[in-house]
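K.L.:
Letter by letter, the chains look like this.
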Amino acid sequence: MSYASTGLKIDGVRITLDGRELLAVDHLINPKEVLTIMGPSGSGKSTLLAYIGGFLDPAFEAKGDVYCSGMNITQVKPQERRAGLLFQDPLLFPHMSVGGNLVFAMPADIQPKTERRGQAEQALADVGLEGFFDRDPETLSGGQKARVALARVLISRPAFLLLDEPFSKLDADRRAQMRDLVFENAKRRSLPVLLVTHDREDALAANGTIIEVGSQIAGQ
Amino acid sequence: MLRYSPFTALLVLAVPVLCGLAGTLLPAFGYLPALGGTSFSVQPFDTLFMQTGIWRSIAQSFFIGLTSTALAVILVAGFVAAWYGTRLFKKVQYLVSPLLSVPHAAAAFGFAFMIAPSGFFARLFSPWLTGWERPLDLLIVNDQLGLALIAGLVVKEVPFLLLVTLAALPQISAIKFSHLTQSLGYGRMAGFLLSTWPPVYRQIRLPIFAVIAYASANVDMAIILGPATPHTLPVRLVGWMNDPDLKMRFMACAGACVQILVTGFALLVWTLIERVTGVVSRKLAAKGNRYTRDWGVRVTASVLMTTSALIVFGGLLVLALWSVSGLWQFPNTLPNNLSLKNWMRALPGLSGPLVTTIIIGGASVAISIIITLACLVREQQTGRSGGNRALWLLYLPLLVPQIGFLFGLQLFLLSVNAIASWTALIFAHVVFVLPYVFLSLSAPWRAFDKRYDSIGAALGASNWRIFWHIRAPMLLRAILAACAVGFAVSIGQYLPTLLIGAGRFPTITTEAVALGSGGNRRIIGIYAFMQMMLPFVGFLLASILPALIFRNRRGITGF
Chain A
1 MSYASTGLKI
11 DGVRITLDGR
21 ELLAVDHLIN
31 PKEVLTIMGP
41 SGSGKSTLLA
51 YIGGFLDPAF
61 EAKGDVYCSG
71 MNITQVKPQE
81 RRAGLLFQDP
91 LLFPHMSVGG
101 NLVFAMPADI
111 QPKTERRGQA
121 EQALADVGLE
131 GFFDRDPETL
141 SGGQKARVAL
151 ARVLISRPAF
161 LLLDEPFSKL
171 DADRRAQMRD
181 LVFENAKRRS
191 LPVLLVTHDR
201 EDALAANGTI
211 IEVGSQIAGQ
Chain B
1 MLRYSPFTAL
11 LVLAVPVLCG
21 LAGTLLPAFG
31 YLPALGGTSF
41 SVQPFDTLFM
51 QTGIWRSIAQ
61 SFFIGLTSTA
71 LAVILVAGFV
81 AAWYGTRLFK
91 KVQYLVSPLL
101 SVPHAAAAFG
111 FAFMIAPSGF
121 FARLFSPWLT
131 GWERPLDLLI
141 VNDQLGLALI
151 AGLVVKEVPF
161 LLLVTLAALP
171 QISAIKFSHL
181 TQSLGYGRMA
191 GFLLSTWPPV
201 YRQIRLPIFA
211 VIAYASANVD
221 MAIILGPATP
231 HTLPVRLVGW
241 MNDPDLKMRF
251 MACAGACVQI
261 LVTGFALLVW
271 TLIERVTGVV
281 SRKLAAKGNR
291 YTRDWGVRVT
301 ASVLMTTSAL
311 IVFGGLLVLA
321 LWSVSGLWQF
331 PNTLPNNLSL
341 KNWMRALPGL
351 SGPLVTTIII
361 GGASVAISII
371 ITLACLVREQ
381 QTGRSGGNRA
391 LWLLYLPLLV
401 PQIGFLFGLQ
411 LFLLSVNAIA
421 SWTALIFAHV
431 VFVLPYVFLS
441 LSAPWRAFDK
451 RYDSIGAALG
461 ASNWRIFWHI
471 RAPMLLRAIL
481 AACAVGFAVS
491 IGQYLPTLLI
501 GAGRFPTITT
511 EAVALGSGGN
521 RRIIGIYAFM
531 QMMLPFVGFL
541 LASILPALIF
551 RNRRGITGF
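Chains as they are written, first to last, in the UniProt record's numbering: chain A, 1 to 220; chain B, 1 to 559.
Fair warning: there could be bad hints in the mix.
Stated by the list, open to error - With a cut-off of at most 30 Å between alpha-carbon atoms, the simulated DSSO-like pairs for lysine-lysine come out as follows: (1) LYS187(A) with LYS176(B); (2) LYS63(A) with LYS450(B); (3) LYS283(B) with LYS32(A); (4) LYS176(B) with LYS145(A); (5) LYS176(B) with LYS169(A); (6) LYS341(B) with LYS450(B); (7) LYS247(B) with LYS169(A); (8) LYS450(B) with LYS113(A); (9) LYS77(A) with LYS287(B); (10) LYS450(B) with LYS77(A); (11) LYS145(A) with LYS287(B); (12) LYS287(B) with LYS187(A).
Claimed, not checked - To be clear about the criterion: a stretch of chain B counts as covered by chain A if any three or more of its residues have a C-beta under 8 Å from a C-beta of chain A, and this derived list gives those stretches: (13) 313-319; (14) 375-383.
Unchecked claim - Now the in silico label distances, taken between C-beta atoms and shown as ranges: (15) ASP180(A) with ASN289(B): 26 to 36 Å; (16) THR300(B) with GLN177(A): 16 to 26 Å; (17) SER385(B) with ASP199(A): 52 to 62 Å; (18) ALA228(B) with GLU80(A): 20 to 30 Å; (19) THR6(A) with PRO444(B): 48 to 58 Å; (20) ASN463(B) with GLU80(A): 53 to 63 Å.
Derived by calculation from the structure, the hints in this document are not laboratory data. Note that beta-carbon positions come from the ideal geometry of N, C-alpha and C, so glycine has one too.
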């Protein structure tokens, strides 16, 4: 498979809980594009991410298909979907070094060990964390952790990105920086991006289509 | 008053353990004036090592402790890695959880009743499949290698380890880690074991150590399931300690010191195993292989887990069935007739031990919960939790082999004429009940939303009033659950009751184990059934009472 893709197609996806429809999305996200789903908590937006990633909670029901590069991945195992996940928390593995987190995510066909280390160091430098390979993740600031999480997801060569409020725990300065870094990298790698957020600023900065779900607008 | 609560906890936990250890150590080196030992010597050790098969007993305790713990940990880690976050996981979790409250002896009897040559399994397949018209003459229970004991320990420790693992998982966002690793292409099990298990393991390490200490030094399960020629070291030690020849106690104490070393050595070897697995797992994680074809292992893990739970359940049912069975010959699967005659006959003898059990359990739980609440309130006031040191103190009585300090404690209490008193016996139970009560209550207590306290204080309520009218009612369910856990722990205590009660306070548990050697399955069934019913009633009350008290308050009963 090539590194680039021809987009992520969300084809008539509906998510219901106890028979009540939470949201319905029908949209093609082209490479380099960002689709933002905006809505308050409980509106089912994170559930949509879970559905696309292949982790739908059994309490929910979902219909519709998801295509990645023209291939229907709705029934594909999560391991083979190549979804790049970024959460609100960086979720770095606390028992591994910063570099350990990256080589863990790196595809196994990159060998030998020295090559793996080299690529991980390069990926850290790309997000402005040169020389951080052997650091303990716990000693990093919130913004640095977020950047490691980004480097980790990028090095896994995802086919698309699924962002679940990834900026909401950062302070205002870092937030803008991190947003730029994420969108810039996604664009450079021609990745389609699906962002869910309750923050209007994030949604506007994404510079793409915005779908609002749920009855009220949060964050007012 | 409150300010002394941590000190009180220290007093009731550390003093018996440390005094007991000293009291074991001195006689081990020949010093016990009451029995004529006025000078130090290593003669008790010489006598000990002259006993036939002593090295075999020592080796057995070591291997049985280590193997059973390793198997239980592997089973739990494998199952959680394979199924965490699925429906199947929830179902098995509900199946396994109640087994935590089953006392060790009852679980061991149930297990024996299942696997013995004349046990339920053999009956289920005889004679139509096996052709056996009479039980095979085969040593399955009490086998030479201790396999039955290992298996019994595994099925009994798995529920405990699973529950402590379950408590640790949400704290490290295990579900999100699992999604993340799977999205990175890792097989479910490999992703979990490489990324989520290490931080989980760090949190359940002390409980695992406690399991090793228990498994290498336990007496009650080893009497029921363990090898007999020779017995494991702890079983032989208790025999010597209770020998009419008082001189044997010097050797028993020397043996208790050896037991401490055996357990210590098992813990040491375990930490080496930790190191090695740590290195291997880091190597695998750095290599990047995804190990996606894990379906077979996942199925195996779930089958083993379910089987281990069902064996205990089945064993308990078979125990109950024996207690009401009339004629039940091999190879009949079920008894010919049921009757309450066994119970009628056992009842007069049962009531005394039953009352003793309830008094000791009730009193030790009452003392433990008061100390626990006082410590937690104090912690809330000072904002200091005592951290790691407090945790090690709580685990101290669970990490030192019971035999190691109970022998010394018994001799000490003998010398001050306090042996076989209610007070001594109850406080001996508190040593083991308090840690469990504290550990079960501290998590929900600390997780309590402190804004409720602030609202109360802002409304002018005193600390005392906040405690009684806000915290205690809102946490009633957790408080009662901690009490039920403590009660179950007290019911299960065999060695403290036997040694500190000096045989004069028979409880359901000591009676059950003592009856075990008699081999009368009906009477064993009755005592083991009572033994498992008592904790069950405790948990039942703990869940019904809050529901009754707050029957029109959905916000609390749902806690």
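K.L.:
Does each hint hold? Answer for all of them.
P.N.:
Tested hints:
Pair hint LYS187(A) plus LYS176(B) holds up; C-alpha atoms about 26 Å apart against a cutoff of 30 Å. Proposed proximity of LYS63(A) and LYS450(B) is contradicted: the alpha carbons are some 42 Å apart, above 30 Å. Between LYS283(B) and LYS32(A) the alpha-carbon distance is near 36 Å, which puts this suggested pair outside the 30 Å criterion. With a CA separation close to 16 Å, the supplied pair LYS176(B) and LYS145(A) stays within the 30 Å bound.
In summary, the hint linking LYS176(B) to LYS169(A) is supported, as the alpha carbons are separated by about 16 Å, within the 30 Å threshold. For the given pair, LYS341(B) sits about 56 Å from LYS450(B) by alpha-carbon distance, which is inconsistent with the 30 Å threshold. Between LYS247(B) and LYS169(A), the direct Cα distance comes to roughly 69 Å. Violation of the 30 Å bound is thereby established for this hinted pair. With a C-alpha separation of about 49 Å, the suggested pairing of LYS450(B) with LYS113(A) is violated against the 30 Å cut-off.
Annotation: proposed proximity of LYS77(A) to LYS287(B) holds, straight-line Cα distance about 22 Å (limit 30 Å). As the CA atoms of LYS450(B) and LYS77(A) are separated by approximately 43 Å, the hinted pair breaks the 30 Å bound. For a cut-off of 30 Å, the pair hint linking LYS145(A) to LYS287(B) stands: about 23 Å separates their Cα positions. Only pairs whose Cα atoms come within 30 Å are accepted, and LYS287(B) paired with LYS187(A) is accepted, the gap being roughly 29 Å.
Coverage of the region 313-319 of chain B by chain A is violated in this model, with 0 residues showing a Cβ closer than 8 Å to a Cβ of that chain against a need of three. Look at the region 375-383 of chain B against chain A: 0 of its residues bring a Cβ nearer than 8 Å to a Cβ of that chain, fewer than three, so the hint is violated. Hint check: ASP180(A) to ASN289(B), Cβ distance near 35 Å, so the stated range 26 to 36 Å holds. Between THR300(B) and GLN177(A) the beta carbons are some 48 Å apart, a value that contradicts the proposed interval 16 to 26 Å.
Between SER385(B) and ASP199(A) the C-beta distance comes to about 35 Å, which lies outside the given range of 52 to 62 Å. In this structure the hint that ALA228(B) and GLU80(A) lie 20 to 30 Å apart at CB is violated, the actual value being about 55 Å. For the hinted restraint 48 to 58 Å between THR6(A) and PRO444(B), the CB-CB distance of approximately 51 Å keeps it satisfied. Between ASN463(B) and GLU80(A), the C-beta spacing of about 58 Å keeps the proposed range 53 to 63 Å intact.
In summary, the structure is inconsistent with hints 2, 3, 6, 7, 8, 10, 13, 14, 16, 17 and 18 from the numbered list given earlier, while agreeing with the others.
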